[in-house]
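Same order as they appear, the protein sequences are chains A and B. Each step along the first sequence adds one to the number in the numbering used here, with nothing skipped, and position 341 is 341. Just remember that the numbering used here sits 1000 ahead of the position in the second sequence, which is counted from 1.
If you are wondering where the hints come from, they were derived from the structure by calculation, not from laboratory data. Cβ atoms here follow ideal geometry from the backbone N, Cα and C, with glycine treated the same way. Be aware that one or more of the hints could be misleading.
Stated by the list, open to error - Derived contacts from chain A toward chain B, CB cut-off under 10 angstroms, selection only:
{"id": "1", "residue": "368"}
{"id": "2", "residue": "371"}
{"id": "3", "residue": "386"}
{"id": "4", "residue": "390"}
Said to hold, decoys possible - Distance windows between CB atoms, simulated:
{"id": "5", "chain 1": "B", "residue 1": "1085", "chain 2": "A", "residue 2": "71", "range": "28 to 36 angstroms"}
{"id": "6", "chain 1": "B", "residue 1": "1082", "chain 2": "A", "residue 2": "71", "range": "37 to 45 angstroms"}
{"id": "7", "chain 1": "A", "residue 1": "42", "chain 2": "B", "residue 2": "1032", "range": "52 to 60 angstroms"}
{"id": "8", "chain 1": "A", "residue 1": "132", "chain 2": "B", "residue 2": "1236", "range": "33 to 41 angstroms"}
{"id": "9", "chain 1": "A", "residue 1": "171", "chain 2": "B", "residue 2": "1139", "range": "32 to 40 angstroms"}
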Amino acid sequence: MTARRARRWAGAGAVLSILAGLSAPVLGAEITLAQFRQRESRAEAAVLEEFERAHPGVRVRQREMPASTDVQHQQFVTWLVAGDPSVDVYLIDVIWIAEFAAAGWTLPLEGFLPPARRAEFFPSLLRAMTYRGRLYALPRFTENGLLYYRKDLVPRPPATWEELVRVAAQHRRPDMAGFVFQGLQYEGLVVNFLEHLWARGGGLFDAEGRPALAGREGVAALTFLVDLIHTYRISPPGVTTYMERESLQEFMEGRALFHRNWAYAWSQLQRQDSKVRGRVGVVSLPGTEGHPGAGALGGWNLAVSRFTRHPREAWQLVDFLTARGAQKRKALEEGRIPTLPALYEDPQVLASNPQFAMLRQGIAHTRPRPVSPFYPRISGILQGYLSRALARTMTPRDALEAAAAELARALPRP
Amino acid sequence: MSGPTGVRRRRRPGGGVAWVLLAPAVALVAGLLLLPLAEGLRLSLHRVWLQVPGETPFVGLQNYLALLAASRFWSALRVTFLFVVVSVGAELVLGLALALLLHRRFPGRGAARVAGLVPWALPTVVSALMWGWIFHDRYGIANRLLLDLGLLDAPLVWLGAPATALGAAIVADVWKATPYVALILLAGLQGIGEEVWEAARLDGATGLSLLARVILPLLRPALGVALLFRALDAFRVFDLIYVLTRGGPGGATETLALLTYQTLFQDLDFGRGSALSVLMFAVNFALSLVLLRLLFGRGEAGRVAR
C-alpha cells in the first residue's frame, strides 16, 4: 500500500519536474531594464520587441527613469544597496561603472562576451568599463566633448584654445558671446576643467595616484577658465549658471560663436526650431601649443545587476542592445552615437548622421574621467573649489591646492 | 452606575489592558522613529563606504570629528541658519500682514484667500524652476524690473554670484511659504472672539496699539506654531536650492541637507552621512526646544517635549 503510494508520488513528481523543465523556456523570464526615458520611445519599444522576437520566452519591461543623472544615481544606489532583484539590467553613466563594480552590485561580463564580439567595440570604450582587470558594462551609446562653432562666421575652426580666444575677440559683438560652456557647480564643470587640464598635458593624479591637479597645468587650466569670463570676457558671466541645456540654448539661439558640448548636441542643433541649423560646424576640442586637445568620454552603458534572478537572459538583452542591429536603429532614428567602429562605415548611418565621420576620430582621442570607485566623491570636492575660482572667491591656485588637500584626505591611500 | 470598582479602575488603569492598547502606537513609534535613529547612530560610528563592501570597522567618533574639522560643514551650518532666520523672519512678518488683510471683510475675500494659497500649493520643484527663470541673468524679469526702475546699472547674475545666490533662494522660499504662515495666522485671528475686538475698540485701541497689545498676544499660539513649523521645515531645505543652484556658486548656498545628500548618495559615505544626519537631528531638536521654550515658557516646552 505505502509502496504503491510512494511510487505514485514519485511518478507525479517526475511528471511535474518534466513539466517544469518544459515550462521554463515557455513561461520564460521577465527582464527589467532601468534606464532614462529614451528620446524616441517608439523606436525603443520597437528595438525591445525585436529582442523579444529573437528570444522567445523572454519579456522585457522598461522602468523609465527621470532625466536627471543625479536622481538616477540615487535611485539605483537605493535599489542596489537593498539587493533588489526586481531590476536586472541598468543603463548607467560611464562614471559609475567602477563604483558599482567595487560595491559588488554588477556582474563581470567577460565570461559572457565572446572574443569576436569584444573586438567589435572601440577598445578605448571598453578600457573605461574595466575595473581591476574585469569588464563590468558594455557601451550602448557613447558621448564625447566637442567644439561646436558657427561655420558661417568662422571659416576655419581653431586648433588651440589661444586661437579660439583670438578669433572670438575679433568677432566681438554685443548680442553674441564668444564661447559658452558649463560653469554651474556640478559634474559638468569638472568635465570642462578636465578637458582644459588634458589640453595642457596635465592630469588629476600623478603616476602614484596622488592628487596632481594643483601643478602648473592645473593652475593654467583653471586660470584660463576664469579668464574666459573675467579677462578675455568672451564668456558671459551667466556661464556660471549653465548646464548643458542652458549653454546649448544660447548657441542654438545664435547667441554664441563657440560652444563646448557633448556629441548629442549635434542632432539638437539640426532641429527645425534651431536658429543656427545648417550654420554649425563641429570639431574635436582645441589643444594648446604642443598638446592635442581631448574631449571627455561620456555615454551610457549597460550593466547586469548582481541580484538578477536571470543572469543569462539579462546578458542576452545587453548583448542585443549593444549589437550592430539595435545600435544602427538608434543611430538612424535617434541620432545616438554608436560604440562600434563598423557603424561609422555604414552608408545608411552616415547618410543620416554625416557628423559621425568626424566623430570617429574624436572617439579615438577621447579620455575617460578617472576610472575610480570614488569618482563621484572626487568630483564633488572639485565642483565646490572650481566653482569658487569661477566666482572669484578663491584664486585658481588656492582653490586647487585646497581641493588637492581635501582629495588626499577623502580618498583611501593609493 | 459607577460603583467603587469603576472608580478604582479609572484611577489605576489595568496594567495589562493599557499595555495592549498602547502596544501598536509604541511599536509604530519604535519602528518608524527609534529604530532608524538608532541605526543612523550605529552607522555614524563606523566607516561605511559602499564602494568597499564587507569592511565597516568601528571608528568611534571619527566621522563626527572629521565633520567638525571640515570648513565645508561649518559653511553649510552657517548657510542653513542664515536661510532659516532670514526667510522665516520675513515669512512671519509678511504672513501676518497677509492674514490681517484677508481677515477684513471685502468683496471677493473668498477668492482672494484661495488665490493666496497658490504659491504654497505648487510643488517646490516647479516654483524653483520658475524662480530660476525670474532670476535668469538675460531673460529674467528680476533684472528687467530693476534695470527699468534704475536700481541696477547692469544685469546681475543672481544665481551665479555668491553675494546674491542665497538671497535669491530666500526670496523664492518666502514667496512660497508666506501663504502657509498667513493661513495659520488667519485661523488664529478667527479664533479671537468678536467680543475681544469690541472691548478693544471700546477701550480705544486702534492701529498699532491694537496690534501690539491685543492681537499679537492673543495670536501667540498661532505664531508659535507657524514659527516652529516653518523653522523646522526651512532647516532641512533641499529641493529649492538643488534646483536653483545645486549649492553653488562655490558652496555659497550649500545647506546641511545638500551636504548630507552629497555625502550619502554621491560620495556613498554612509558613515559620514549618518553622522551628518545625527548632527542635523540634534541641532533641529535643540532648535525646537529653544523655540518652544521661548514661545510658551518653561512649563509648556517641557510638556510638549515630554
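Here is what the structure says about each hint:
no.: 1; hint: 368; verdict: violated (17 angstroms)
no.: 2; hint: 371; verdict: violated (13 angstroms)
no.: 3; hint: 386; verdict: holds (9 angstroms)
no.: 4; hint: 390; verdict: holds (7 angstroms)
no.: 5; hint: B:1085 - A:71: 28 to 36 angstroms; verdict: holds (30 angstroms)
no.: 6; hint: B:1082 - A:71: 37 to 45 angstroms; verdict: violated (27 angstroms)
no.: 7; hint: A:42 - B:1032: 52 to 60 angstroms; verdict: violated (43 angstroms)
no.: 8; hint: A:132 - B:1236: 33 to 41 angstroms; verdict: holds (39 angstroms)
no.: 9; hint: A:171 - B:1139: 32 to 40 angstroms; verdict: violated (23 angstroms)
This entry does not satisfy hints 1, 2, 6, 7 and 9, going by the numbered hints stated previously.
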